[in-house]
Structures are given as structure tokens and as C-alpha cells.
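Enquirer: Here's the letter readout for the chains.
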Amino acid sequence: EVQLVESGGGLVKPGGSLRLSCAASGFTFSNYIMEWVRQTPGKGLEWVSSIGGSSTSIYYADSLKGRFTISRDNAKNSLYLQMNSLRAEDMAMYYCARRASTGRMDVWGQGTTVTVSS
Amino acid sequence: QSALTQPASVSGSAGQSITISCTGTNSDVGGYNYVSWYQQHPGKAPKLMVYDVSNRPSGVSNRFSGSKSGNTASLTISGLQAEDEADYYCSSYRTSNSYVFGTGTKVTVL
Numbered sequence: 001e002v003q004l005v006e007s008g009g010g011l012v013k014p015g016g017s018l019r020l021s022c023a024a025s026g027f028t029f030s031n032y033i034m035e036w037v038r039q040t041p042g043k044g045l046e047w048v049s050s051i052g053g054s055s056t057s058i059y060y061a062d063s064l065k066g067r068f069t070i071s072r073d074n075a076k077n078s079l080y081l082q083m084n085s086l087r088a089e090d091m092a093m094y095y096c097a098r099r100a101s102t103g104r105m106d107v108w109g110q111g112t113t114v115t116v117s118s
Numbered sequence: 001q002s003a004l005t006q007p008a009s010v011s012g013s014a015g016q017s018i019t020i021s022c023t024g025t026n027s028d029v030g031g032y033n034y035v036s037w038y039q040q041h042p043g044k045a046p047k048l049m050v051y052d053v054s055n056r057p058s059g060v061s062n063r064f065s066g067s068k069s070g071n072t073a074s075l076t077i078s079g080l081q082a083e084d085e086a087d088y089y090c091s092s093y094r095t096s097n098s099y100v101f102g103t104g105t106k107v108t109v110l
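Chains as they are written, first to last, in my numbering: chain G, 1 to 118; chain S, 1 to 110.
One chain only, chain G, in its complex shape:
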């Protein structure tokens, strides 16, 4: 079964850091571009970042201004998101997703919740 399972979310103080993980199974992980998408309460979905199969192509949403870093370890079938200088507006459910083609995120994890509060 194709599956993505996120972890690492939790409560963090403003200015703090958190590292999210996404464990993939059921498919050849290195063959796929992987994405992070977040959903803030009542504000809908927002694309965060994507990384190519070999990590040579990495892109971020302009709004992140260099605070987030996406990475992957194909040997461990894992995707990561390092989040620094966290703000209240980063509070959201974070999903990892597989990109099957340019216009298609076809598999999503169940999400992990990030809460930023003092």
C-alpha cells in the first residue's frame, strides 16, 4: 500500500524550531518529487516547498523567506522539513504529498500539527 506518514509536529514557542518528517512506503521514493503543503485553520491550503528525487531541484514559497529547509533521505524513504524562526502564522497542519506529475499530487499523508504559542 502506498503510504505517507508525517511526524514531528508539536507545540513550539515563537522563534523556535521544529523538524517535521514524512515516512514513505509502498513505492520507489527516489523516483518522485515530494511536497510539503500546509493548512491553517480556516485559511485553506498553502504550498510550502518541493524537492526533486535527487534533491537537485528545491523550491519554496516566497512567503517563507528562507526560514524553512526541505530535504530528503532516499535511503531511508524519508522527507523532512526544518522550520526555524517559527511565527504564529506558521501554525498549521502540515501535509507531505507525492507529486506524480506536474499537475498531480496523488498521495497525501494524514498530516502533523504545528502549534506556535508562548
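Take these hints with a grain of salt, some might be off.
[What the hints assert, rightly or not] Below, simulated SDA-like cross-link-like pairs (lysine to any residue); rule was C-alpha separation at most 20 Å, straight line:
#1 Lys43/G to Ala86/S
#2 Lys47/S to Arg99/G
#3 Lys106/S to Gly31/S
#4 Lys68/S to Ala82/S
#5 Lys65/G to Asp106/G
#6 Lys43/G to Pro42/S
#7 Lys43/G to Ser21/S
#8 Lys43/G to Ala3/S
#9 Lys47/S to Asp106/G
#10 Lys44/S to Lys65/G
#11 Lys44/S to Asp106/G
#12 Lys47/S to Ser101/G
#13 Lys47/S to Glu1/G
#14 Lys43/G to Asp87/S
#15 Lys44/S to Thr113/G
#16 Lys47/S to Gly42/G
#17 Lys44/S to Val5/G
#18 Lys44/S to Arg104/G
#19 Lys43/G to Glu85/S
#20 Lys47/S to Ala23/G
#21 Lys65/G to Gly15/S
#22 Lys43/G to Pro57/S
#23 Lys43/G to Ser2/S
#24 Lys47/S to Ala100/G
#25 Lys68/S to Pro57/S
#26 Lys106/S to Glu1/G
#27 Lys47/S to Val5/G
#28 Lys68/S to Arg104/G
#29 Lys47/S to Gln3/G
#30 Lys43/G to Lys47/S
#31 Lys68/S to Pro7/S
#32 Lys68/S to Ser101/G
[To be verified] Sample of chain G residues lacking proximity to chain S, with all beta carbon distances greater than 12 Å (derived):
#33 Gly9
#34 Leu11
#35 Lys13
#36 Ser57
#37 Ser85
#38 Gln110
Hint data in this document are derived by calculation from the structure and do not stem from the laboratory. Bear in mind the structure is a predicted one, so any value in this text is a computation, not a measurement. Glycine included, C-beta positions come from ideal geometry on N, C-alpha and C.
Starting from the known structure of chain G, arrange chain S on it as the hints suggest.
Expert: Positioned in the frame of chain G, the structure of chain S alone reads:
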């Protein structure tokens, strides 16, 4: 980065057809045939329903269909069923290797 514009809510009676619009710009919806639609039930992850404007993934009902004209894409749900009640989001590739989602539409089955 502005989100794509969707109506906040659309409703219809069971068996009817509804259409959800998704309006962007020449830099996203109008410039590429990479529009996708996602269904999200409360507390669940988004599910891909349509991709590349009008293609359906395996297993998605043919009651869901997509189209595009200019800077506006549309998702039509025909033969509306109770299980279709959910939030729907469009998404598009945007210039410079980024992606943008729509504001989301809550579909209510009357």
C-alpha cells in the same frame, strides 16, 4: 502570492449538478494546463479528484469532471450525492516552479 479565487460555498440538491469555479491569472491557471482539484472531508487529508484540467485518477467517479477557459477552471459534480459534501480546492502550477491553491469551496448537499 495570491490564492486562486473560488466561491466560498456552493449547494445543490441530491441528483443535481453543481459547478465550482477557480479563477487565477495568466501566470497560473491561464498559462498552464496543470490545474488539479482536491476533495477534503472534515479531519481528513485532501484527495485528488481531477488533474491536468480534466483527467480523473483511477477510482474517482466519472461524476466529477474538470474544464478550463482562459484564466478560469471549473469542477462540475453531476448527480450530486450526500458523500460529495466536503470542501474542494483547486490548485495550479504557477510560473517559477511554484504552486498555488484556491481559497476553497464548501459544497453542501441539500
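Enquirer: Going through the numbered hints above, which ones does this structure break? Give me the numbers in ascending order.
Expert: Per hint list: 3, 4, 5, 10, 21, 22, 26, 36, 38 violated.
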